[in-house]
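I would like the entire structure built from these sequences, with the hints used as guidance.
Protein chains in written order, with our numbering: chain A, 4 to 117; chain B, 4 to 117; chain C, 4 to 117; chain D, 13 to 416; chain E, 13 to 416; chain F, 13 to 416.
It should be emphasised that the hints constitute simulated quantities derived from the structure, not laboratory data. Be a bit skeptical, because a hint or two may be false.
Stated by the list, open to error - Straight-line Cα separation of at most 25 Å, BS3-like style, residue types lysine-lysine; simulated pairs:
1) Lys316/D with Lys194/D
2) Lys21/A with Lys194/D
3) Lys313/D with Lys21/A
4) Lys6/C with Lys6/A
5) Lys6/C with Lys74/A
6) Lys6/B with Lys6/C
7) Lys21/C with Lys313/F
8) Lys194/E with Lys21/B
9) Lys21/C with Lys194/F
10) Lys264/F with Lys190/F
11) Lys389/F with Lys316/F
12) Lys74/B with Lys21/B
13) Lys5/C with Lys6/A
14) Lys389/F with Lys264/E
15) Lys21/A with Lys316/D
16) Lys6/B with Lys5/C
17) Lys5/C with Lys5/A
18) Lys74/C with Lys6/B
19) Lys20/C with Lys6/C
20) Lys313/E with Lys190/E
21) Lys264/F with Lys389/D
22) Lys20/A with Lys194/D
23) Lys21/A with Lys190/D
24) Lys194/F with Lys20/C
25) Lys314/E with Lys264/E
26) Lys316/F with Lys21/C
27) Lys74/B with Lys5/A
28) Lys5/C with Lys74/A
29) Lys20/B with Lys194/E
30) Lys190/F with Lys21/C
31) Lys6/A with Lys6/B
32) Lys21/B with Lys190/E
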Amino acid sequence: MKKIEAIIRLTQYESVKKALEEQDITFFSYFDVRGVGTAREGHLYRGTVYDTSIIERRLISIIVRDENLEKTVQALMSAARTGEIGDGRIFVSTVEETYRIRTGESGPETLYIK
Amino acid sequence: MKKIEAIIRLTQYESVKKALEEQDITFFSYFDVRGVGTAREGHLYRGTVYDTSIIERRLISIIVRDENLEKTVQALMSAARTGEIGDGRIFVSTVEETYRIRTGESGPETLYIK
Amino acid sequence: MKKIEAIIRLTQYESVKKALEEQDITFFSYFDVRGVGTAREGHLYRGTVYDTSIIERRLISIIVRDENLEKTVQALMSAARTGEIGDGRIFVSTVEETYRIRTGESGPETLYIK
Amino acid sequence: MDANSALDILWILIAGILVFFMQAGFALVEAGFTRAKNVGNIIMKNFMDFALGSLLFWIVGYSIMYGGEGAFFGAFDLFYNVEGDMHNLFFQTVFAATAATIVSGAMAERTKFSTYLVFSVVITAVIYPISGHWVWGGGWLSTMETPFHDFAGSTVVHSVGGWAALAGAWTIGPRLGKYNGKTNAIPGHNMVLGALGVFILWLGWFGFNPGSQLAISGDNANAVAGIVITTNLAAAAGALVTMFVTWFRYGKPDLSMTLNGALAGLVAITAGCAVVSPGGAAIIGAVAGVLVVFSIEFIDKKLKVDDPVGAISVHGVCGAFGTLMVGFFALPDAIGEGISGVFYGGGFSSVISQLIGIVSVGAWAFVGGLILFQVLKATMGLRVSEQEEREGLDIHEHGQSSYN
Amino acid sequence: MDANSALDILWILIAGILVFFMQAGFALVEAGFTRAKNVGNIIMKNFMDFALGSLLFWIVGYSIMYGGEGAFFGAFDLFYNVEGDMHNLFFQTVFAATAATIVSGAMAERTKFSTYLVFSVVITAVIYPISGHWVWGGGWLSTMETPFHDFAGSTVVHSVGGWAALAGAWTIGPRLGKYNGKTNAIPGHNMVLGALGVFILWLGWFGFNPGSQLAISGDNANAVAGIVITTNLAAAAGALVTMFVTWFRYGKPDLSMTLNGALAGLVAITAGCAVVSPGGAAIIGAVAGVLVVFSIEFIDKKLKVDDPVGAISVHGVCGAFGTLMVGFFALPDAIGEGISGVFYGGGFSSVISQLIGIVSVGAWAFVGGLILFQVLKATMGLRVSEQEEREGLDIHEHGQSSYN
Amino acid sequence: MDANSALDILWILIAGILVFFMQAGFALVEAGFTRAKNVGNIIMKNFMDFALGSLLFWIVGYSIMYGGEGAFFGAFDLFYNVEGDMHNLFFQTVFAATAATIVSGAMAERTKFSTYLVFSVVITAVIYPISGHWVWGGGWLSTMETPFHDFAGSTVVHSVGGWAALAGAWTIGPRLGKYNGKTNAIPGHNMVLGALGVFILWLGWFGFNPGSQLAISGDNANAVAGIVITTNLAAAAGALVTMFVTWFRYGKPDLSMTLNGALAGLVAITAGCAVVSPGGAAIIGAVAGVLVVFSIEFIDKKLKVDDPVGAISVHGVCGAFGTLMVGFFALPDAIGEGISGVFYGGGFSSVISQLIGIVSVGAWAFVGGLILFQVLKATMGLRVSEQEEREGLDIHEHGQSSYN
Ligand SMILES: Nc1ncnc2c1ncn2[C@@H]1O[C@H](COP(=O)(O)OP(=O)(O)O)[C@@H](O)[C@H]1O
Ligand SMILES: Nc1ncnc2c1ncn2[C@@H]1O[C@H](COP(=O)(O)OP(=O)(O)O)[C@@H](O)[C@H]1O
Ligand SMILES: Nc1ncnc2c1ncn2[C@@H]1O[C@H](COP(=O)(O)OP(=O)(O)O)[C@@H](O)[C@H]1O
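Now the structure itself:
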């Protein structure tokens, strides 16, 4: 199994979610992270610009069977893209085992993402 | 070393923590994620039901020596289970190296979880 | 590529960031986690001490090329260290693939951290 | 000056101070019912409504409204400064600022700040004082045979705000993601702020309605006390009934709607608070509490006009409803010699006058607002860009988020 | 009506408006001292306390309390509507609503909403007005030889709420996780809300106590001013002393407890605010500031009754304490011809009367509350399910979280 | 007592109650403009300022300020308790508590709690009442040939707080990370709290300025109404102008600065509110709205004195500015027989008196504050440890975070 971690713009989340659903990927987890990188938002407080390089982003984490890796990455990539600097990144790594807590079963076949 | 990531119900956290302690697993990290999946909470706002599939969950991350993998997974699984849909999942992957920042030492033997 | 996850004190974040920048590591993500471990903060509420072992920490996640692993770990380690209990830990694992969403390119060479 | 006159001035000032505080109430309700990313923007709008309103009503508005006896227009004198009448200027100023503020809520989370300021200027300096003059300044609605009766402003203040809000919310269109095939809920970010806002508004209403007696000496004292009671009972009934209506309709009592219910009762009783019995007030409040739920649903789901805080229903619909109810619930001779409400055998003459007032003022505010918003849309632009809306007005319009 | 009468009515109305605002204060304190997942629920309860209270006290409560001279009961007239007395109805209504509100805090985070509403009806329409009649409505406590003296309601309002809260919190049991072998702290989610609530309550108390003079004309003006001072000094002393007590006991000054300390001082001075000297007020407030800390600890750790906001200690214990202190600190002839406090050589006759009042009203409220809660527990059920409690009352009872 | 006297007392009490509520306003502004980790600490400081202030001003402060006719000092009588004057004690107490509170904002997020308490005692019991005596208690500034005129305390209250704040913020040094080579922004954590605080302060100012007439009977009624208008117009002008200034300077209208702008207008008009025309008030407010922006920038970026809430600029600078403007905008004979402002042909005699007052009171407050803070720094220590500052004063000074 593969773990796909995509760091995307907060504002692209809805369209990413939709794109994933269209690929029958309806199970995933996400949380908000702050990304440090080149994209910058200029903030202003009481006349002092605090030109920060810290950006709110959403990290989507999906564990898929190996055969679903490609289509998931593609769906993520096209839906998260705006073409502007700051679109984010995807990282892929290996997951060795998974368990469904409710039943105690293990193995890739217990992933809802068939 | 293995990294165990368990996505559990917020409300099972206390009992999971206790179960881990009983196995001498007293070091771990956690943060809150939102899970997208089949379990649904019906929310209502001003007469509009927003039947959402987004659920607040807690992600517990524990890095253990290989020999502790089994007991940790078992402890997690039994304490996190309610038997209802939405109990969550456990994912296991490999960690190659670890460092204790305070001393600079590395290696599995620096894990507090012996 | 390697994924470096460092769990550090919130209060060391600024110096860690600076140390990373000095090593030309200007891209990373972070989010706040709660660490369960030996370091304890004594909280008090209405006369009841709730001697908790839960501590707010920051998890910094950096994906680097293999050749940058060492210097990144060193930078993290020296900047995050105070020498007191509670300095935190670093975990290293393998990442197999990465994509730059904006362009669709993949491979370690698309990491900004050369 | 004798003690009675001083007493009256004291009361008007205190009532005005209470009404001033309603600005904070509106700001909190609107902030709480919208999303965190736009909260600084909505507060800034409310804040500027009052700052602009205070200056403009002094510069020109008060004179337009109260400066002469014309049928449609008072007078155009600049910089009002008449010794011995400053308490009235103050009391009317805080009223005027309310009308604009209502609109900001209905158009929240998508309206350009600069354009909003222009709108705020026009409604406070032109739209509100002109129709206000018709009713309270000696204009045509007050000189009809059976005069139009709006004691404290269900129509003059609240409906004017509410119908302008309808014009604005309709012109600007819904927030992104509100209607895509179906109607989506966009929950407000902080119900505690919303509730505190409603408590503050309820508090302020004890200045709004009883203060509109404009005196407390002599027999006015009992009249004022009566108005305090009718105001409070209508609010309580509105809140209670709305809670039960949402409970039956949605299965659960809805907090945000219940808060609206109290406001609905308050807006509805504002016109008739001085001429109805406590029982009449409770009934008016209770019916408003039903009405507001169905009105919010209708506007949201049928008209598909996106009003994040329910301002159109609370102020427009319940304001009109309450004004009409005066024709039914007015106690004998309470409005004037020989005039009573339908339920006290007074026939429909008062109902007709009320309708004339509701429709004429409503049309003025809605059409005036519509023209204004269409012009603004075509010139300055009414709406922020899609990116700005997505990422939040706070960051884009003010360069800073409100929560850090 | 002459200027003096109008002045008195004006003052009663303003004081009543200030007391009304205390509802917002209670809501904020209770919201701030509990967890975010229950905040909408607690606000809804506070909101409904006032809505129900306003209607019920008008419908029946005021008549029970003030409608006749019986020793135990006033009268049972429906829909109070006496021209010339509406300011009193209003002032008494806002007082009545306070008693119920106190209970919601002590039972927060676990009480079923529907059951709570039933409780709220009974306390406002039955429990409170009956014991209120004994003291303020001409009942038996006011006709004793040395009458029981509770100027603004340390016992009539606060202790009634406090003892009913004790009955409720004890009947319903502690929140999940509060006591498992040891006593756990469940920190409130927002101390800013709690502090703002206390500021608002302190503000409202300037209506509560000085308004209870029920007049300001003539010599009443100085009396009212004196009450403002005693009220303020007791609150200040309570806050300051509590801060130091927590500092010594816990090593650090505790904010939430210090906020309770100010309320403890306010509750304690409420009975005697009109009959003690400024110095006496400061001492009463200071002692209440000590008492509240130990009382909260005792109830929390020894009795193991879980009161998230400290309502039982603040309103019940400090209310009783303050009422008793009247017997010690009352200035000569301040309560009545020939009656003085112990410290002014008056002997114990007043102390005994105070004790009779404290015990009889306390027993009435506690036993009445206990029976009511036991019946409700056996019939409708008093407590939400374990899952609802874990996941939050907002989601389960109202279908929506308050922070989004 | 006749109706007029009772009326005056009623008004002073109500005004005092409004001013009391400003404590909540200050607490919220300071909480909102600082970081979440220090919010409980700043609220505790505000809360204790008022508790201490209430007790100390009663114990000794009022007597120092008003107890005698000496040129520099009133009298030293303990525990003020004069029947018939308690309304004045109350009104002066709530004023006194304001001065200390101003300082807590400028020194927020780094000052030791225990040391702050000592400071708070000294400013309320010594610094403030002595200079206050010079102006309002019959001291030397009030007996000059052309008396120094500070109607409601631009200098007596606000500048005293502002200059002591400057002394304190300078002595304690900037927050960690504020200046490292360049000037960094440290955004406040909650602009909604800040805005609500400003609304509450604006509300309270309707007690602060109009209440300082100390009467409302007879002709005072119109005077009070006039002050309400000047106060309101200056605040509105200040807010509006500041918004535009920030818009031009920074490209975007800054909410937190605009909130300061309203306060700047309010502080500036406080001295002259009773002697200037509405137009004069609007101008004074508008200029203060410009001044506050440049002053905040100057203090922040040039002086490198770290004032998280802008207290030095708002209260010190705008207080001095507003006091000076009295010499320019005072209407003929408004201050006294034959005295007018420069713009009304009165020459510079009044300007000179105003300057004398501004400088002498300012020097007293600044030097007194400086000595006090230096002594505290050398003895108890003024500042928390670096670790405490990094991790938050709430956890370290109070053992608990405010948001959970
Ligand atoms: N090497 C890395 N390790 C961890 N996170 C990274 C890394 N590189 C980029 N990121 C994350 O991805 C986000 C995207 O970077 P960004 O500047 O937007 O890229 P792009 O120029 O490709 O659009 C960053 O904000 C950061 O959160
Ligand atoms: N493939 C996946 N990738 C990432 N997270 C997942 C995946 N499958 C499930 N999850 C997470 O686990 C949670 C549990 O799913 P749930 O519907 O509760 O499972 P179950 O039916 O086994 O009880 C989801 O809310 C989601 O956060
Ligand atoms: N085995 C583990 N798995 C996951 N997180 C861990 C583990 N061990 C430690 N941590 C994290 O690292 C933090 C550091 O632990 P700490 O007690 O500070 O270590 P040290 O004694 O080395 O300074 C903990 O709070 C926890 O978040």
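Do the hints match the structure? See the list:
1. Between Lys316/D and Lys194/D the alpha-carbon distance is near 10 Å, which keeps this suggested pair within the 25 Å criterion.
2. At roughly 16 Å between alpha-carbon atoms, Lys21/A and Lys194/D fall within 25 Å of each other, so this suggested pair holds.
3. Taken as a hint, the Lys313/D and Lys21/A pair is honoured in the structure, with Cα atoms around 24 Å apart against an allowance of 25 Å.
4. Only pairs whose Cα atoms come within 25 Å are accepted, and Lys6/C paired with Lys6/A is accepted, the gap being roughly 13 Å.
5. Distance hint between Lys6/C and Lys74/A is fulfilled; the C-alpha atoms sit about 23 Å from each other, no more than 25 Å.
6. For the given pair, Lys6/B sits about 13 Å from Lys6/C by alpha-carbon distance, which is consistent with the 25 Å threshold.
7. About 24 Å separates the Cα atoms of Lys21/C and Lys313/F, which keeps this hinted pair within 25 Å; it holds.
8. The suggested pairing of Lys194/E with Lys21/B holds, with an alpha-carbon distance near 16 Å, which does not exceed 25 Å.
9. Restraint check for Lys21/C and Lys194/F: the C-alpha separation of about 16 Å stays at or below 25 Å, so the hint holds.
10. Simply put, Lys264/F and Lys190/F have alpha-carbon atoms about 23 Å apart, close enough for the 25 Å limit, and the pair holds.
11. Between the alpha carbons of Lys389/F and Lys316/F the distance comes to roughly 20 Å, so the proposed pair stays at or under 25 Å and holds.
12. Annotation: proposed proximity of Lys74/B to Lys21/B holds, straight-line Cα distance about 14 Å (limit 25 Å).
13. About 14 Å separates the Cα atoms of Lys5/C and Lys6/A, which keeps this hinted pair within 25 Å; it holds.
14. About 21 Å separates the Cα atoms of Lys389/F and Lys264/E, which keeps this hinted pair within 25 Å; it holds.
15. Straight-line distance between C-alpha atoms of Lys21/A and Lys316/D comes to about 24 Å, which keeps the hinted pair within the 25 Å bound.
16. Taking the CA atoms of Lys6/B and Lys5/C, the gap is about 15 Å. The hint holds against a cut of 25 Å.
17. Restraint check for Lys5/C and Lys5/A: the C-alpha separation of about 15 Å stays at or below 25 Å, so the hint holds.
18. Using a Cα cut-off of 25 Å, the hinted pair Lys74/C and Lys6/B holds, with the two alpha carbons roughly 23 Å apart.
19. Among the hinted pairs, Lys20/C with Lys6/C is consistent with the structure: their alpha-carbon atoms are about 17 Å apart, no more than 25 Å.
20. Restraint check: the Cα-Cα separation between Lys313/E and Lys190/E comes to about 10 Å, which is no more than 25 Å; the hinted pair holds.
21. As the CA atoms of Lys264/F and Lys389/D are separated by approximately 21 Å, the hinted pair is consistent with the 25 Å bound.
22. Taking the CA atoms of Lys20/A and Lys194/D, the gap is about 18 Å. The hint holds against a cut of 25 Å.
23. For the given pair, Lys21/A sits about 16 Å from Lys190/D by alpha-carbon distance, which is consistent with the 25 Å threshold.
24. For the proposed pair Lys194/F and Lys20/C, the alpha carbon gap of about 18 Å is at most 25 Å, so the pair holds.
25. Between Lys314/E and Lys264/E, the direct Cα distance comes to roughly 22 Å. Compliance with the 25 Å bound is thereby established for this hinted pair.
26. Of the pairs offered as hints, the one joining Lys316/F and Lys21/C holds, with about 24 Å between alpha carbons and a cut-off of 25 Å not exceeded.
27. Note on Lys74/B and Lys5/A: the hinted pairing holds, with a Cα-Cα distance of about 24 Å set against a maximum of 25 Å.
28. With a C-alpha separation of about 24 Å, the suggested pair Lys5/C and Lys74/A falls inside the 25 Å cut-off, and the hint holds.
29. Of the pairs offered as hints, the one joining Lys20/B and Lys194/E holds, with about 18 Å between alpha carbons and a cut-off of 25 Å not exceeded.
30. This hinted pair checks out: Lys190/F and Lys21/C have alpha carbons roughly 16 Å apart, not beyond 25 Å.
31. For a cut-off of 25 Å, the pair hint linking Lys6/A to Lys6/B stands: about 13 Å separates their Cα positions.
32. Our distance criterion of 25 Å between C-alpha atoms is met by Lys21/B and Lys190/E, whose separation comes to about 16 Å.
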